[in-house]
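Student: Heads up: the sequence lines are chains A and B, in that order. Residues 1 to 156 (our numbering) make up the first sequence, in order. Residues 1 to 500 (our numbering) make up the second sequence, in order.
If you are wondering where the hints come from, they were derived from the structure by calculation, not from laboratory data. Some clues are possibly wrong.
Label-pair restraints from in silico Cβ distances [as the list claims (entries may be wrong)]: (1) R473(B) to F30(A): 28 to 34 Å; (2) K77(A) to Q16(B): 54 to 60 Å; (3) S139(B) to Y49(A): 30 to 36 Å; (4) Q26(A) to M412(B): 26 to 32 Å; (5) K394(B) to I87(A): 31 to 37 Å; (6) Q26(A) to L475(B): 50 to 56 Å; (7) G52(B) to K150(A): 31 to 37 Å; (8) R473(B) to F19(A): 35 to 41 Å.
Each residue gets a CB set at the ideal place from its N, CA and C atoms; glycine is no exception.
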Amino acid sequence: MNINTTKIISLLFFIFSAFYLYTAYQIQVFAFDENAPFNARTFPIYLGYAGLFFSGLKLILPDPDTIKVEHRTLEYKKTALLIVIAIIYGATILKVGYFLTTSFFLFASYYFLGERRWVLMFLLSFPFVAGFMYLLHGVLEIYLRDPFLKSIGVMG
Amino acid sequence: MTEGILIGLTTALSFQNIFMVMIGCFFGTIIGMLPGLGPMTAIALMIPITYGFDPATGLILMAGVYYGAVFGGSTSSILLNAPGVPGTVATSFDGYPMAQQGKAGKALAIAAWSSFAGGTLSAIYLLFMAPSLSKVSLSFRSPDYFALMILGLTAIAAFSSKGQFLKAMMMVVLGLMLASVGQDSLSDITRFTFDNMNLTDGISFVLVVMSTFAMSEALTIILKRNDPTAAAKQVSLTELGSIKINKEERGKMYRTIPRSSVIGFLIGVLPGAGATIASFLAYGMERNLVKDDEKEKFGKGSVNGLSAPETANNAACSGSFVPMLTLGIPGSGTTAVMLGALLGFGIQPGPRLYMTNPEIFWSVIMSMYIGMVILLILNLPLIPYIARILAVPKNYLIPLILFFSITGIYVMSFNNFDIYLMIGIAVVATFLRLYDFPMPPLILAFVLGGLMEENLRRSLLLSNGSWEFLWDRTLTVCILVTTILIVLWHIYKTFSKKKS
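Pulled out of the complex, with its shape left as it was, chain B reads as follows:
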């Protein structure tokens, strides 16, 4: 293995590959910042270029684009509340409020350092545990995945603001209902389309996230324009662009980053789980672990609340390379595109890849360290300039947010029905937000809806329609017990607060 690592290191440190990482990170960051164009689009655009290189260089370029795009997605989440990719939705929960308080530069700096730390720690875990983790990830069965998704959805609902559990659960159900629109994945039977051909393929994730976050945020700002309590604070450009993180904030990050990187990496390793579940779980876990006074800050610009999902989503990006390279199972849509490219190079991923093609396997892992450093060097100096987006007057910023949201949807389908659907969902979301119905649970449920149905289907078919699969395996039971404990803890907390 040591020999393989050294071969990988030599390959990754060649001038051409370092240059490719730089190009990939830069290009990925730019694409990731444009709402609607996520890492999947960025990598897909890169595939024709990568075929001109050897497999290791091609994969290194794509990996650079991948984490660059995830970081770029965080920037639009923090500044515009417009997460272009599912993995950066949780970043907006505390990043956007922080930017609204005039700390956009600080929020971007926290995101940059957390991403760097998450990605680097994850690459270290990958270095030591990749071969053995592939065996662990194979032990997860459909019932475990189903239970894991129940845990994720319950956790996000339980950890939403106090007294909002039922509202959050209603949003979870609404998200799952939206995800059920379109063709059933197995039988191709159309559901809830009402004979409208435009709904046959279902509703796209980008459409739902753009309407419930970016567009609805823009409408809410206009709606509350005269509300004295919602009047935007005028902040100076120096304050807006400041990237200084003080000692107390650094202390919080030191505690958050290690645990979030572990959860991010482990979730990333599971095939099909990916950065979204990782970032939501890390956010939920962090909220559970911090002190009560810090807990109150969650959703209002908490340092821990921003650092946790940012660390986890980058850690999950690295983690998702484990099932892709060692099992040939993509951990996310993005790695699925990369897997396609890898097969195009004539490389067959599998448990022996790190032995048969060490220069590919280990050079990608080694290039991750270099990529994280380059990402940080590229982005930190640019933060004061990027943060100035928020200094644009609202009269211009709001139409521009609407423009980016609608364009993001239009370029995906070239269909004006999607624009109408987006406006409809945004209007309903704006109304729900006025009455404090949380949107994050809806988004997570929408993302997990298809996977959840798929795993429930497999579990029920294997157990011949019996629900025994829920307590047949120790792992499933452990996950479900954790879910029950979270609900009970939430009920206990609610009642104990009422009494006091």
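Isolated chain A (complex conformation):
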């Protein structure tokens, strides 16, 4: 059997399906539902077996079209940086508020992607987010929590 990344992904999916199936069997159902033709664990159990079946087949059968990815040409560093910025964004949005975190998120993303036109970067972050926020909050009346804007008296 030719071992390639697709096979490794299939193996991981096989293990994941086995874990899913194990968890499906652990779902607590009501006592009167235990022997019912269908209860909360029936469908997940079928899904677990289906996952094992298809990933198992993919593991066993030969893979005619092996996908080769040129890892050297991939931009892992910038992608990871952007993911980290997004995680920081998620961690701060509730405390700082939508306006500041989103504006800084956009500004930092432009910077890490190699942009250095400061005025354009500024315009497409702070005023852009303010405009979008006005559309959501002011026009469509979708509430956006923002402790920062509240503290300076812009939002009620």
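With chain A held as given, fit chain B onto it using these hints.
Tutor: Structure of chain B alone, referenced to chain A:
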């Protein structure tokens, strides 16, 4: 009936109602273009306004918002690979690659014409068949729905790129697994939440679609930035915004539109099926029907591949009014909101609605023709300007895609857990995409997961745990035989290609 149609026509052609259709289409298109805000949100926002009008005008306004939002959703699918509504996911399969080849204007024009044709043809079918179709749609039982969903999932897997059937089936199972997270709909027992309260309500559709399409697309573009084979083609703004459809492309659309409108309308009529299944089935069917050389273009910017789901989703929108108006059963989440509004007006939908309230029933149907024309007039001149979004440099476009995706999720729940979950799913999806694991089957399975379990539950409970329900009814058997034929055909094709 003729008298009713004439009353409806007079009501729909009043200045106020034409104005309402225009407002609805415009507002719907804008809302639909914002990822995360689909027709359901747009209609929900409109409900307080509609109560100021008479029921017919209110419903006409909501219908305008509905198909406007579906069309707007196609725009974000084509330009940003960020489908905001399930019904436009299939549009991105060929619309986005076409936009990437510098044909964004053409892709939007094909979408606009297909939507127009699909919606108009569907309104014609509705005019003649609405009362009788309500009886047909009632004949569908849980086993038939379950079989129909198996057919939809198998078809999308079988029609994914060659040699990818097993990968696609793995993605189908993964999508169903994701859909099973959260409370069981009947017993309220929580499943796969690992005591995390944030997962009790399950994972939202918008979150899954934004992470597997928009966010993962943005990450893939950054990841492959230095890949010479993936280097983006520099195209001129004139080429990007051109909405010219040549004779050959028109010929393809002429063949695709009629059949996709029929399948879209029929699926739309079935309660609970809706635009998503319609667009996926139309896409699968179209791929099956075109010639081999055109088949190879599917997923890479095929005209048929774009036209089919666009026609079907608009046809299904009109079709979904049949169960809502004649049976009081909403065909989709959006029509469920509209049904709520209709009940708020004190109108009880039912098989006799078209006789007791002809001005409501027929005016909505008549306003659909007007709505489709207005949608086309509004959108075609704007296409060259909308298409310019793609001319924005990648350094700005990628963060903006991420911004729209994350905001779309945040405004739905105001919960940062959803942002983390989104990032997690996007990272896994990006990795899977690198190795050609297709995402569309995952999305369709996620959408159908809840419905599929529900119909299997009903079928098994009714048959006392026996699987006989699969061959008890002729309709179920027919659907299952079609599924088996698709799988066999796929296996035959794979082996015959290997031999040759």
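Student: Does the hinted range 30 to 36 Å hold for S139(B) and Y49(A) at CB?
Tutor: Check passed, 32 Å falls within 30 to 36 Å.
Student: Does the beta carbon distance between K77(A) and Q16(B) stay inside 54 to 60 Å, or does it fall outside?
Tutor: For K77(A) and Q16(B) the Cβ distance comes to about 59 Å; the hint holds.
Student: When you take the CB atoms of R473(B) and F19(A), is the distance between them in 35 to 41 Å?
Tutor: About 37 Å separates the Cβ atoms of R473(B) and F19(A), which means 35 to 41 Å holds.
Student: Taking 50 to 56 Å as the stated bounds, is the beta-carbon spacing between Q26(A) and L475(B) within them?
Tutor: The hint (50 to 56 Å, Cβ to Cβ) is violated, given that Q26(A) and L475(B) are roughly 37 Å apart.
Student: Taking the CB of R473(B) and the CB of F30(A), does the distance hold inside 28 to 34 Å?
Tutor: 31 Å, holds
Student: Measuring from beta carbon to beta carbon, are Q26(A) and M412(B) in 26 to 32 Å?
Tutor: 30 Å, holds
Student: Honestly, do K394(B) and I87(A) meet the 31 to 37 Å range at C-beta?
Tutor: 22 Å, violated
Student: Can the suggested window of 31 to 37 Å be confirmed for the beta-carbon pair G52(B) and K150(A)?
Tutor: 32 Å, holds
In this structure, the earlier hints numbered 5, 6 are contradicted, and the remaining ones agree with it.
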